[in-house]
Amino acid sequence: MIFSSSIKSRLVAVFLFTSAAIYASLGFYLYYNLKNIAIGAVDEHLHDEVQLIAGHIYGRDGRDSLAELADIAIGDYAEPLSGHYYQISDESGKVLESSPSLSIVGAALPFRLPSVEPELSFITGPDRKPHRLIEQRFVTPKGKSIIVQASESLTETYVLLSVFKRRTFLVLTVVFLLTAAAIYTAVGYALRGIGFFTREVGLITEKSLMRRIDTEGVSDELRPLAESFNTVLSRLETSFERQQRFVSETSHELRTPAAVIKSYCDVTLAKKRESAEYITALEGISNSVGRMSFMIDRILEVARLEAGILGMTRADVRVKDVIDDVFRLVGQKAEEEGVLLKLDADDSVVSADRERITEAFVNLVYNAIKYNRRGGYVDVAVRSDAKYCVVTVSDTGVGIDKASQQKIFDRFFRADGARSVADGTGLGLSIVKGIMDAHGAAISVESEEGKGTTFRVAFPRK
Amino acid sequence: MRILLVEDEKELSNIIKKGLEEASYNVDVAYDGEEAFYMAANYPVDVVILDVMLPKMDGIAVLKKLRAAKSEVPVILLTALDSVADKIKGLDAGADDYLPKPFEFGELLARVRALLRRKSSAKQSVIRIADLEIDTAARIVRRGGEEIALSAKEYSILELMAYNKDRVVSRQAISERIYEEDVERDSNVVDVFINYLRKKIDKDREVKLIQTVRGSGYMLRSQEE
Numbered sequence: 385m386i387f388s389s390s391i392k393s394r395l396v397a398v399f400l401f402t403s404a405a406i407y408a409s410l411g412f413y414l415y416y417n418l419k420n421i422a423i424g425a426v427d428e429h430l431h432d433e434v435q436l437i438a439g440h441i442y443g444r445d446g447r448d449s450l451a452e453l454a455d456i457a458i459g460d461y462a463e464p465l466s467g468h469y470y471q472i473s474d475e476s477g478k479v480l481e482s483s484p485s486l487s488i489v490g491a492a493l494p495f496r497l498p499s500v501e502p503e504l505s506f507i508t509g510p511d512r513k514p515h516r517l518i519e520q521r522f523v524t525p526k527g528k529s530i531i532v533q534a535s536e537s538l539t540e541t542y543v544l545l546s547v548f549k550r551r552t553f554l555v556l557t558v559v560f561l562l563t564a565a566a567i568y569t570a571v572g573y574a575l576r577g578i579g580f581f582t583r584e585v586g587l588i589t590e591k592s593l594m595r596r597i598d599t600e601g602v603s604d605e606l607r608p609l610a611e612s613f614n615t616v617l618s619r620l621e622t623s624f625e626r627q628q629r630f631v632s633e634t635s636h637e638l639r640t641p642a643a644v645i646k647s648y649c650d651v652t653l654a655k656k657r658e659s660a661e662y663i664t665a666l667e668g669i670s671n672s673v674g675r676m677s678f679m680i681d682r683i684l685e686v687a688r689l690e691a692g693i694l695g696m697t698r699a700d701v702r703v704k705d706v707i708d709d710v711f712r713l714v715g716q717k718a719e720e721e722g723v724l725l726k727l728d729a730d731d732s733v734v735s736a737d738r739e740r741i742t743e744a745f746v747n748l749v750y751n752a753i754k755y756n757r758r759g760g761y762v763d764v765a766v767r768s769d770a771k772y773c774v775v776t777v778s779d780t781g782v783g784i785d786k787a788s789q790q791k792i793f794d795r796f797f798r799a800d801g802a803r804s805v806a807d808g809t810g811l812g813l814s815i816v817k818g819i820m821d822a823h824g825a826a827i828s829v830e831s832e833e834g835k836g837t838t839f840r841v842a843f844p845r846k
Numbered sequence: 002m003r004i005l006l007v008e009d010e011k012e013l014s015n016i017i018k019k020g021l022e023e024a025s026y027n028v029d030v031a032y033d034g035e036e037a038f039y040m041a042a043n044y045p046v047d048v049v050i051l052d053v054m055l056p057k058m059d060g061i062a063v064l065k066k067l068r069a070a071k072s073e074v075p076v077i078l079l080t081a082l083d084s085v086a087d088k089i090k091g092l093d094a095g096a097d098d099y100l101p102k103p104f105e106f107g108e109l110l111a112r113v114r115a116l117l118r119r120k121s122s123a124k125q126s127v128i129r130i131a132d133l134e135i136d137t138a139a140r141i142v143r144r145g146g147e148e149i150a151l152s153a154k155e156y157s158i159l160e161l162m163a164y165n166k167d168r169v170v171s172r173q174a175i176s177e178r179i180y181e182e183d184v185e186r187d188s189n190v191v192d193v194f195i196n197y198l199r200k201k202i203d204k205d206r207e208v209k210l211i212q213t214v215r216g217s218g219y220m221l222r223s224q225e226e
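The listed protein sequences derive, respectively, from chains B and V.
Residue numbering for the first sequence follows my numbering, beginning at 385 and increasing consecutively.
Residue numbering for the second sequence follows my numbering, beginning at 2 and increasing consecutively.
Isolated chain B (complex conformation) (with noise of 0.2 Å):
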């Protein structure tokens, strides 16, 4: 679990591997820096116990004098193998005089020829126990060398070592599990935040959108994740509000023709019938079984539109000849309300799905004929400056009020004009815009009422 993908045990894991490294480097120092200082003083002391020999065998007359080291032959250099032991040797390595304690069982210390300093090392002592062991050459005025070897029992040492090393195993041990559980619980309180965090983003659900997390409540480093977390939930509601409000605005336009259609039908078969009445009833729910499928294919485009979804080929489009296009389109309705079409168009050149725009262009024209009056007309200017191509589409019709060109774009509104008109659907302009947006061109509308309206477009140019 150490190695998981957790980050508490992650962060655990390299805490404690650091802290036994650390412990673990600083039983060590400690062991080999007391070992030192113990070895270090059996040294002094050796080193003191060479010099007062030395010092013995010289004598205060400078005389060689053996005699006067019975001075020193006391207390552990008395006990047989004491652990305490000294050697006076020539340069041959002949035995002059050796500690009581060496002599009194015929033991030796092993000879080598030293220098004039004193050499340290370690031995292994005539009672088969470490000993450390100094000699020291000394150059009496004869000229003579005279060898002198002191020991010492490493055993007291090396207990009270050993002694140590355990103590400070055990204490750094208690010392790293109190780290351990400190890190443990440090670990788990600096994530609590991410708990915390956790717990927040759990309540949201489909139906709870609007919480948001309380960048307040969470630690500075979450803080920043918390915000996007947030800015993420805002975007994500505002898609689900829309894609509510589309559900609810289709079901509710599509509830008016099925209610037509289903009063037909029951309204019909209450009763025996003459056929003409039939025909009649049948009539009525084709139309309105039309309108509905109308409808649906707008609302489909709509849907399209708005998941921007929809597959554009763009490529260099002449704008008059969309226009032109268009008015043959609408030709046909033109005459029949009475209405003049009128263009007035540059060579502009825009970047744009033909065909997408051609039906953008139908729409608004088709409206401008259709709310406007008997000897009225249609007029169509594309004009283009450096930055814009502009299209207008003006009509003199009855205008559309203040109130209602806010909402003109929207999806299913129709001004109270617009709503007696029955083949409309109130998606029209909505289309119009969704591919006006999908092409990167403004849509805007200027109206007067009883004057005339004016929609404008106004296409980027490359």
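Treat the hints as calculated values from the structure; they're not laboratory data.
Some hints could be false.
[To be verified] The calculated DSBU-like cross-link candidates involving lysine-lysine, where the alpha carbons are at most 35 Å apart (straight line), are:
1) Lys786(B) - Lys11(V)
2) Lys66(V) - Lys154(V)
3) Lys726(B) - Lys57(V)
4) Lys591(B) - Lys65(V)
5) Lys65(V) - Lys791(B)
6) Lys646(B) - Lys65(V)
7) Lys754(B) - Lys66(V)
8) Lys57(V) - Lys835(B)
9) Lys656(B) - Lys120(V)
10) Lys655(B) - Lys18(V)
11) Lys704(B) - Lys791(B)
12) Lys419(B) - Lys513(B)
13) Lys66(V) - Lys791(B)
14) Lys19(V) - Lys655(B)
15) Lys656(B) - Lys18(V)
16) Lys204(V) - Lys19(V)
17) Lys646(B) - Lys124(V)
18) Lys646(B) - Lys154(V)
19) Lys771(B) - Lys726(B)
20) Lys646(B) - Lys57(V)
21) Lys200(V) - Lys656(B)
22) Lys19(V) - Lys200(V)
[Unchecked claim] Covered stretches of chain V, as calculated for chain B (at least 3 residues, CB under 8 Å):
23) 19-32
24) 76-90
25) 96-103
Keep in mind it's a predicted model, so treat the numbers as computed, not measured.
Quick reminder that beta carbons are idealized off the backbone N, C-alpha and C, glycines included.
Let chain B serve as the given structure and place chain V on it in line with the hints.
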């Protein structure tokens, strides 16, 4: 009985009007909110069927304005909005009933009858006056168990008097409820219809149910004085 239907979708209002007329109601139609308020406030209507989404003034506003003007006419809201919130909004605005589109036409008729009964003392769709039975759902009239065939106008007048049994119904009230607003009314016609009704209902019967109240109008009486 006279119903005001407010629905701006022409096709829908036409077919509902037809269905209601075939159920012997006299139907006026309004196509926008302002017209609806004017007609509901000034015509002697018994029930208003009111669409919510209307030009000029929406159905809820019409309803509030009607209630503010102390009109107690029963109102059924007819709407394509079917969320609970919309229903609550409609009922709180003073609607007596709420019917989401699309609806079963039979249900609309049943709800209209329920509202008509609410105004009268009748509690069931079959109204009984002595041995006279008027089944307002099936539009069948019986007396002493014997079915009596009535014309649409005769039935309308009898139903109006049945909903108002033991109360005087004026000639004008009868005339207003059997004729549309723009028809030239002649109160003599009411007398003629009452005569037809008497022949079919009271003739050769010991108890005469249709009574003339001098100077006021007519009444269906359930018991002898």
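Notebook entry, point to check: Which numbered hints are broken by the structure, listed smallest first?
Noted result: none
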